[in-house]
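*Asks:* First to last, the protein sequences are chains A and B. Start counting the first sequence at 3; every next residue gets the next number (this note's numbering). Start counting the second sequence at 194; every next residue gets the next number (this note's numbering).
Because the hints were derived from the structure by calculation, they are not lab data. Take these hints with a grain of salt, some might be off.
Cut-off 20 Å, straight-line C-alpha distance, at most; resulting in silico cross-link-like pairs (PhoX-like, lysine-lysine) [said to hold, decoys possible]:
(1) B:K367 to A:K133
(2) A:K142 to A:K127
(3) A:K128 to A:K142
(4) A:K107 to B:K248
(5) B:K302 to A:K105
(6) B:K378 to A:K80
(7) A:K185 to A:K107
(8) B:K367 to A:K142
(9) A:K132 to A:K142
(10) A:K107 to B:K378
(11) A:K105 to A:K80
(12) B:K378 to B:K302
A short, non-exhaustive set of chain A residues, derived as facing chain B with CB atoms under 7 Å [as the list claims (entries may be wrong)]:
(13) H75
(14) D225
(15) C229
Label-pair restraints from in silico Cβ distances [as the list claims (entries may be wrong)]:
(16) A:E113 to B:K331: 23 to 31 Å
(17) A:R68 to B:R353: 37 to 45 Å
(18) B:V279 to A:P56: 29 to 37 Å
(19) B:L287 to A:G16: 19 to 27 Å
(20) A:K181 to B:L342: 47 to 55 Å
(21) A:K212 to B:L461: 19 to 27 Å
(22) B:W269 to A:R68: 49 to 57 Å
(23) B:D325 to A:E113: 44 to 52 Å
(24) A:T58 to B:L287: 41 to 49 Å
Only a predicted model underlies this, so the values are computations on that prediction, with no experimental measurement involved. Just so you know, even glycine gets a beta-carbon here, dropped at the ideal spot from N, CA and C.
Chain by chain, the residues:
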Amino acid sequence: MSLLKLDNLETYLGQYHILQGVSMSVEEGSITVLFGRNGAGKTTTLRSIMGFNPSTSGFVHYNSQRISGISTHLISRKGIGYVPENQGIFSALTVEETLNLAKAKSTGEAEEKMEWMLDLFPDLKKYWRKKSGLLSGGQKQMLAIARAYINGDGLLLIDEPSKGLSPIMVEKLMESILKMKEKTTILLVEQNFLMASEIGDYFYIMDDGKIVHEGMMQDLKDDKETCQKYLGIA
Amino acid sequence: MEVFINLLVNGVSTGLLIFLLAAGLTLIFGLMSVLNFAHGGLFVWGAFSGAWIFKETNSFLLAIVGAVGIGMALGWVLERFLIRPVYGNHVRQLLITLGGMLVLSESIKIFWGPNPIRVNLPGWLEGSYQFDGIIIIKYRVFVIVVGLLLYMALWLLLSRTQIGLMIRAGVMDKEMVQALGINVKGLFTFVFLLGAALAALGGALLAPYSGVVFAEMGMQYAILAFIVVIIGGMGSLQGSALASLIVGVAGAFMAYYIPDLSLALNMLLLAIVLLVKPTGLMGEKGSAV
């Protein structure tokens, strides 16, 4: 069953026509990866789902309810957690304050979710009282993911979590994301094909604001021509 | 020694009055990125309405409560109808809040006429304390106590409560706060009303302090508050408190020892701070407390 459905989404940023009829769906309990080159429209897709860059036409349905056209905070309250590309860390807040803030409007059992996140990312427990701005890049990403999950565990939108991280940290993070699949659904935007293809169930490829390919991840791994054409992978 | 202590008390009390105006201004800027020139208008309305209620009822407490209520009501109208439509557009904000400031100042004259109004001290705050030949005016001590209590209350609000946590996070990243399900527009209104209440309270406390209120005082104090906010670091409550005390105390000493330079003092302080630390004394992105 599709948990999230985008239907012919058109989004403009100023005079630029960024999303040009994007349609896609995310199955419940899956990891769906959205690939594409820089500027293809991946981040705008997530931002349009969250209502930051509202679409001018088309629809977004979550849990069979239309969420396009409503305010971001109301979209979030439906159970959608968001990890932006820049992580959106509140640098002057401690880890504790950040996660408490995530609990404020949390959907579901916030305490339970918090405990699970601290088990999954023990570094957050270790640096509980530390200012978030002083954490390492990987720890910030863990915090951003934990915050999103505690806030809304129905669907997680994660934008390029591997960006700027060391290969070891990326591997660790991907293992954690894979574990999170047991309890939530994930729409992942990634450029790191090798890593994302290991954890993804389904994929979409964007190019120039349009979905140009979609299917099962295993099929993409076997399709060298598509990988070469759109992702630059030989 | 007597002169030193008197100047210090005068400076601290003036500084804390400026802080009441600057605190709202800095929070509004930090969270909403709004340069609110109309803030001085709320201050002058607080001063006049407080003075008027005090004169009519002879109750200073009622005067303060009434002034704060009127300030908040005007603040709500300003935020809802003037500022909300121009969020994110600094040029329009500047024009519309300057216009709001003028309208608020001039409308004072409709209700209370064009002339300055004399304001007396409440009976229980008249007189002074004397220690070893040092005379300290009671009302100034009262202003210091109220100012410090309010600073502590604001600090507790921002650092110890859920709404304070939301405000601090909102100062750093409004979008992310929305993505956590928090209604930022509601938060904006709350902060704006809080700022309006502080400005009106500052005005109501200043009226008996200065002994006279006039319609143009709003702009005069708004400029002072802006200087304080910039010196302290835009968006920082602690920075505003520190800068208010520096401006108040330095102003008191300068007016006594080098009166010719006292008018230039604030600009001088502003220039020095901006040269040495352009973000202000405690201004760092994301630090509301």
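*Asks:* Next step is simple, just say for each hint if it's right about the structure.
*Replies:* Cross-check of the supplied hints:
1. For the suggested pair K367 of chain B and K133 of chain A, the alpha carbons sit about 18 Å apart, so the restraint of at most 20 Å is met.
2. The suggested pairing of K142 of chain A with K127 of chain A holds, with an alpha-carbon distance near 13 Å, which does not exceed 20 Å.
3. Annotation: proposed proximity of K128 of chain A to K142 of chain A holds, straight-line Cα distance about 13 Å (limit 20 Å).
4. Using a Cα cut-off of 20 Å, the hinted pair K107 of chain A and K248 of chain B is violated, with the two alpha carbons roughly 47 Å apart.
5. Pair hint K302 of chain B plus K105 of chain A does not hold up; C-alpha atoms about 50 Å apart against a cutoff of 20 Å.
6. Using a Cα cut-off of 20 Å, the hinted pair K378 of chain B and K80 of chain A holds, with the two alpha carbons roughly 18 Å apart.
7. Distance check on the hinted pair: K185 of chain A and K107 of chain A sit about 19 Å apart at the alpha-carbon level, within 20 Å; holds.
8. Restraint check for K367 of chain B and K142 of chain A: satisfied, since their Cα atoms lie roughly 18 Å apart, inside the 20 Å limit.
9. A threshold of 20 Å between alpha carbons decides the hint, and for K132 of chain A with K142 of chain A the separation of about 11 Å falls inside it, so the pair holds.
10. Only pairs whose Cα atoms come within 20 Å are accepted, and K107 of chain A paired with K378 of chain B is accepted, the gap being roughly 15 Å.
11. Restraint check for K105 of chain A and K80 of chain A: satisfied, since their Cα atoms lie roughly 14 Å apart, inside the 20 Å limit.
12. At most 20 Å may separate the alpha-carbon atoms for a hinted pair to count; K378 of chain B and K302 of chain B exceed this at roughly 33 Å.
13. Taking 7 Å as the C-beta cut-off, the interface hint given for H75 of chain A holds, the closest approach to chain B being about 5 Å.
14. The interface hint given for D225 of chain A is violated, since its Cβ lies 34 Å from the closest Cβ of chain B, which is over the 7 Å cut-off.
15. The interface hint given for C229 of chain A is broken, as the beta carbon of that residue sits about 32 Å from the closest beta carbon of chain B, more than 7 Å.
16. For the pair E113 of chain A and K331 of chain B, the beta carbons lie near 52 Å from each other, so the given range of 23 to 31 Å is not met.
17. Checking the proposed 37 to 45 Å range against R68 of chain A and R353 of chain B shows it holds: the Cβ atoms sit about 39 Å from each other.
18. Checked against the hint of 29 to 37 Å, the pair V279 of chain B and P56 of chain A fails, with Cβ atoms roughly 19 Å apart.
19. Separation of L287 of chain B from G16 of chain A is about 23 Å and conforms to the stated range, judged on CB atoms against 19 to 27 Å.
20. Separation of K181 of chain A from L342 of chain B is about 50 Å and conforms to the stated range, judged on CB atoms against 47 to 55 Å.
21. Taking the beta carbon of each, K212 of chain A and L461 of chain B are about 60 Å apart, not inside 19 to 27 Å as hinted.
22. Taking the beta carbon of each, W269 of chain B and R68 of chain A are about 32 Å apart, not inside 49 to 57 Å as hinted.
23. Here the CB-CB span from D325 of chain B to E113 of chain A is close to 59 Å, at odds with the stated 44 to 52 Å.
24. Taking the beta carbon of each, T58 of chain A and L287 of chain B are about 30 Å apart, not inside 41 to 49 Å as hinted.
Hints 4, 5, 12, 14, 15, 16, 18, 21, 22, 23, 24, counting from the list given before, are not met by this structure.
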